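J.: What follows is the residue order along each chain.
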Amino acid sequence: MIENLIAAFHMTATLEVFFAVCLGSFAGIIFGAIPGLTYSMALALMLPFTFTMEPATGISLLLATYIGGMTGGSISAILIGIPGTPSAAATVADGYALAKKGEASIALGAAVIVSTIGGLISLIIMILLVDFISKFAIKFGPAEIFMLVLFGFSTICGLAERSLFRGLVAGVLGLMLMTIGIDELEGVQRFTFGNVQMLQGVNLLVAMIGLFAVPHILEVFLQRINKEDKVNFDVGEVKTTLPGFQFIKKYFNLVLRCTGLGTSIGAIPGSGGPIAAFLAYSHAKNSEKDPKEKDTFGKGNIAGVVAPEAANNAVTGGAMVPLLSLGIPGDPATAIILGGLLIHGIVPGPMLFIENAPAVYSIYFAIVAAYIVVFIFQVNFIKYIVKILKVQPHHLACAILIMVVVGSYVIRNSFLDIYIMILMGLFGYFLNRIKIPITPVVLGLVLGEAIESNYRTAMSLSSGEISIFFSSIVSVLFFLLIILTIALQVKKRILEIRKQKNQFDKGAA
Amino acid sequence: MIRKSKFYLALGLGVLAFSITWIFLVFFQIEGNIGSPGNTPRSIPFFLGCCMFLLGVIFIYQYYLGYRPKSSIEGIKKNEIKNIAICIFFFVLYSFTLEWFGFLISTPVIIFLITRFLLQEKSWKINILFPILMTASIYFIFITLLNSALPRGTIIELL
Amino acid sequence: MKIVKKISSILVAMSLLLGSNSFAADKFPSKYVEMTVLFGGTAKSVGQLVAKGLEKNLGATVVPVSRPGGGGAVGYKYIQSRPASGYDIVWNSNSVSTTFHGGKVPFNFKTFAPIAAMSIEVPVLAVKAGSFKDINELAAYAKKNPGKLKVGISGKGAFTHLTSAIIFDALGVKVNYISYGKGKAPTELLAGRIDAAVQWPGQFRSFDKAGQLKMLAATSPKRIASDPGVPTMQELGYKKVDVTMWRGLAAKKGTPKDHIKAIEAAAKTYASSPEFIAASKKIGFEINYLDSKAFGKKIAADDKKIGQLMKNLGLKK
Numbered sequence: 032m033i034e035n036l037i038a039a040f041h042m043t044a045t046l047e048v049f050f051a052v053c054l055g056s057f058a059g060i061i062f063g064a065i066p067g068l069t070y071s072m073a074l075a076l077m078l079p080f081t082f083t084m085e086p087a088t089g090i091s092l093l094l095a096t097y098i099g100g101m102t103g104g105s106i107s108a109i110l111i112g113i114p115g116t117p118s119a120a121a122t123v124a125d126g127y128a129l130a131k132k133g134e135a136s137i138a139l140g141a142a143v144i145v146s147t148i149g150g151l152i153s154l155i156i157m158i159l160l161v162d163f164i165s166k167f168a169i170k171f172g173p174a175e176i177f178m179l180v181l182f183g184f185s186t187i188c189g190l191a192e193r194s195l196f197r198g199l200v201a202g203v204l205g206l207m208l209m210t211i212g213i214d215e216l217e218g219v220q221r222f223t224f225g226n227v228q229m230l231q232g233v234n235l236l237v238a239m240i241g242l243f244a245v246p247h248i249l250e251v252f253l254q255r256i257n258k259e260d261k262v263n264f265d266v267g268e269v270k271t272t273l274p275g276f277q278f279i280k281k282y283f284n285l286v287l288r289c290t291g292l293g294t295s296i297g298a299i300p301g302s303g304g305p306i307a308a309f310l311a312y313s314h315a316k317n318s319e320k321d322p323k324e325k326d327t328f329g330k331g332n333i334a335g336v337v338a339p340e341a342a343n344n345a346v347t348g349g350a351m352v353p354l355l356s357l358g359i360p361g362d363p364a365t366a367i368i369l370g371g372l373l374i375h376g377i378v379p380g381p382m383l384f385i386e387n388a389p390a391v392y393s394i395y396f397a398i399v400a401a402y403i404v405v406f407i408f409q410v411n412f413i414k415y416i417v418k419i420l421k422v423q424p425h426h427l428a429c430a431i432l433i434m435v436v437v438g439s440y441v442i443r444n445s446f447l448d449i450y451i452m453i454l455m456g457l458f459g460y461f462l463n464r465i466k467i468p469i470t471p472v473v474l475g476l477v478l479g480e481a482i483e484s485n486y487r488t489a490m491s492l493s494s495g496e497i498s499i500f501f502s503s504i505v506s507v508l509f510f511l512l513i514i515l516t517i518a519l520q521v522k523k524r525i526l527e528i529r530k531q532k533n534q535f536d537k538g539a540a
Numbered sequence: 180m181i182r183k184s185k186f187y188l189a190l191g192l193g194v195l196a197f198s199i200t201w202i203f204l205v206f207f208q209i210e211g212n213i214g215s216p217g218n219t220p221r222s223i224p225f226f227l228g229c230c231m232f233l234l235g236v237i238f239i240y241q242y243y244l245g246y247r248p249k250s251s252i253e254g255i256k257k258n259e260i261k262n263i264a265i266c267i268f269f270f271v272l273y274s275f276t277l278e279w280f281g282f283l284i285s286t287p288v289i290i291f292l293i294t295r296f297l298l299q300e301k302s303w304k305i306n307i308l309f310p311i312l313m314t315a316s317i318y319f320i321f322i323t324l325l326n327s328a329l330p331r332g333t334i335i336e337l338l
Numbered sequence: 006m007k008i009v010k011k012i013s014s015i016l017v018a019m020s021l022l023l024g025s026n027s028f029a030a031d032k033f034p035s036k037y038v039e040m041t042v043l044f045g046g047t048a049k050s051v052g053q054l055v056a057k058g059l060e061k062n063l064g065a066t067v068v069p070v071s072r073p074g075g076g077g078a079v080g081y082k083y084i085q086s087r088p089a090s091g092y093d094i095v096w097n098s099n100s101v102s103t104t105f106h107g108g109k110v111p112f113n114f115k116t117f118a119p120i121a122a123m124s125i126e127v128p129v130l131a132v133k134a135g136s137f138k139d140i141n142e143l144a145a146y147a148k149k150n151p152g153k154l155k156v157g158i159s160g161k162g163a164f165t166h167l168t169s170a171i172i173f174d175a176l177g178v179k180v181n182y183i184s185y186g187k188g189k190a191p192t193e194l195l196a197g198r199i200d201a202a203v204q205w206p207g208q209f210r211s212f213d214k215a216g217q218l219k220m221l222a223a224t225s226p227k228r229i230a231s232d233p234g235v236p237t238m239q240e241l242g243y244k245k246v247d248v249t250m251w252r253g254l255a256a257k258k259g260t261p262k263d264h265i266k267a268i269e270a271a272a273k274t275y276a277s278s279p280e281f282i283a284a285s286k287k288i289g290f291e292i293n294y295l296d297s298k299a300f301g302k303k304i305a306a307d308d309k310k311i312g313q314l315m316k317n318l319g320l321k322k
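Residue numbers (the numbering used here), protein chains in the order written: chain A, 32 to 540; chain B, 180 to 338; chain C, 6 to 322.
This is chain A alone, in the form it adopts within the complex (with noise of 0.2 Å):
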């Protein structure tokens, strides 16, 4: 081990692999950080240029951009309310509040200090606990990774604010719109009205583009034509104080417990980074004890910007289980990744670990590295970002227009996906106005295709018998806690509606 650690060092120590790991990380940061580019984007145009480097310097420069992917879509999801990457969606509703009051230096700060932490811990987890996490992983099957995505549907739960209801439309909205295009299970056509395009179906970047983007984009262009032009917040007091060392003791706890989620869903091939997200935002919100601090939840608590951000980071650590020790990518980013590894002869599985350890403690390495430099990076760069508030919202609205559009044409070079989104947006400034929450949409967006292909992969294993739902203690289980969500749920509005009752009966007394 320690000669493998040596040689893993030699690898990676080198300048080229430093710069590597600059430039991935100053990559990714400013890619999850623009609204309409997006990290995967930047690994799939980067890819073709690690072909002819030395594979620790290319892989170094892969993980970097991953990993600064990771924190820098919680950069725009923070100022300007748009997430840069799907996992970042869980932030906005209290990080976008945040930067109204003029806090955004405050989250920002959390934001990269818990994702660093959450980020490392969650390597040393996986490095300590491959095996068993492995093993682990592969007792998720269809059935078990369905109830557990269900389970990750039930926080619409805490995410819809004022109706469960209408939160719940938006849910299924977002489901619905994933089954647009083609069903690769059975290789059908499913709304496609004959159209070749429409084979390509609903691209969840895209859609989610258009639901964030265009809304503010709207907004913003509405007020100037109005002549209500009015600046967000008070410019002069954009503040640039990092969270103290009082902040990291306070919510250590929370981070912890948010990790550890991240981590064990990260290792569960094909969930990944948003559902880990919502399932700590709901999880911090739950465990509040405090009913006055439960209510600030989705108006501005550092803590709905502390749970997602660890735990969306926490899951680079769990993913990397899959990737190296079963070869299996959880989400688009880790499967180009992967495709990196293979071209340098990385073969990720069982033998990876034994015939080219030293590789993998490279990779290691790298993440480690990469952690650090997204972290000084971010932290020195936060006055700097944040003084984006001060641009002229129209400006900058303008620039996000272009980039949008520009955006969502690259992820597939597709002009119907321009349409999409530009259709999406109406839709999401159509949904703002009559008060469904957006972010339920973006749930069942980011589950719909998972929900769907493992209930039917799990109905045709068991030849179309239910009971395989309900076959092992792990689905069970989720079963239980969907339960218990809604029970909960349900226990809360009923309440709520009587203590209104009681209000009423007594001014009618």
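No lab work stands behind these hints, which were simulated from the structure alone.
Bear in mind that the values here come from a model prediction, so they are computed numbers and not experimental data.
Ideal Cβ placement from N, Cα and C applies to all residues, glycine included.
Please note: incorrect hints may appear among the correct ones.
Ranges between beta-carbon positions, derived for each pair [claimed, not checked]:
#1 Ala145/C / Thr200/B: 51 to 57 Å
#2 Tyr146/C / Asn35/A: 39 to 45 Å
#3 Trp303/B / Phe461/A: 32 to 38 Å
#4 Ser136/C / Val521/A: 45 to 51 Å
#5 Ser136/C / Val236/B: 49 to 55 Å
#6 Ile497/A / Lys227/C: 43 to 49 Å
#7 Thr200/B / Lys244/C: 50 to 56 Å
Position chains B and C against the provided structure of chain A, taking the given hints into account.
T.: Same frame as chain A, now just chains B and C:
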């Protein structure tokens, strides 16, 4: 007050209409006789359609119970639809010109049109510099740095 | 009016600037070539490599552009809608036949002009180590329990499905196909949720070496260079089995001959280059260069076979 409480009726009817259209489409746009019962390409979309229908019924029931939305829903403002149509027009215009004239021509022109006419920007510095800088930086990132492709424009290619 | 004039003058200036390239287009290629890549995964990795290789030998930038969706249909449709100039080429595969016969696109392989075949990938049949010793044991079990053997495939009508159908037809047994949206075959095999799976050897290799999974048979006529320990179906006595996934370059029909020749020459040089050979070993595909003519014949022969097979499976639309 009366206008506000009609919210749930309108929402319920809208959701119902949508769910019925969706279920209708499920049967016309998806082949059904594949796979075992309860496990066809139709089953999940159909189930989702039913959920939507149920939610619509719930909203109408809430209307009968006299529910009111907790936060007020603003009515349509003066000129709102017209202004949104104009904004969306710029989105579509940009997408359209991107397809036919390519990235390099359409981007600066569209940014100029938006800042000058839609946003009524008076400063000539911004009107000229902003489009050029924006186009140049995107071009630099995608073409020079990442060796990627941006739309070349169908008409430009035919020249 | 002033503004309109200004805009139009900018437009004219820019179009002249860009147009100057295409007016001088006597020599091919005079601007960058766009290579449409239809899938992610290995297809994309190899495609990106080939684009880099072509670039070196063609003297112009070749940009790999991914247009995924519909099992390749979206990308084929794009190429079909472009002018036949040679500046839009496609990194194609057997999917040109499966998309047409599956009713996803209304045009067949004849819409495209073959340029050169570059590589083949061979699917293999794998099981959990210790479950079946060899293919005969598997066949015997499946014969005894018709429809019981669970075989993992990527999806109905996908290439892994067609390959499985050919294998199990040759064995003369009926099996139960389980579709996975994405290739999770190794874990499902390890966990015992499925009994056998047909996938690319790269997914199984590491598990095979570790003694957790066993690759029973490859479907090519010759053994796979990267996995020489795996016998072929033909060696095992099933002479008719010969399915491989080829990948190559094509343009739209009607592309000028000399443009195709130029790309073909670049492809030929790259196919025998040491980089491509090294990459084939690492990623696990076989180099199989064919010139335009031979490639065209192969596509036509394959199309006939796939069409017949999909008809038998009831997948032809």
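J.: Check each numbered hint against the structure and report the violated ones by number, ascending.
T.: Per hint list: zero violations.
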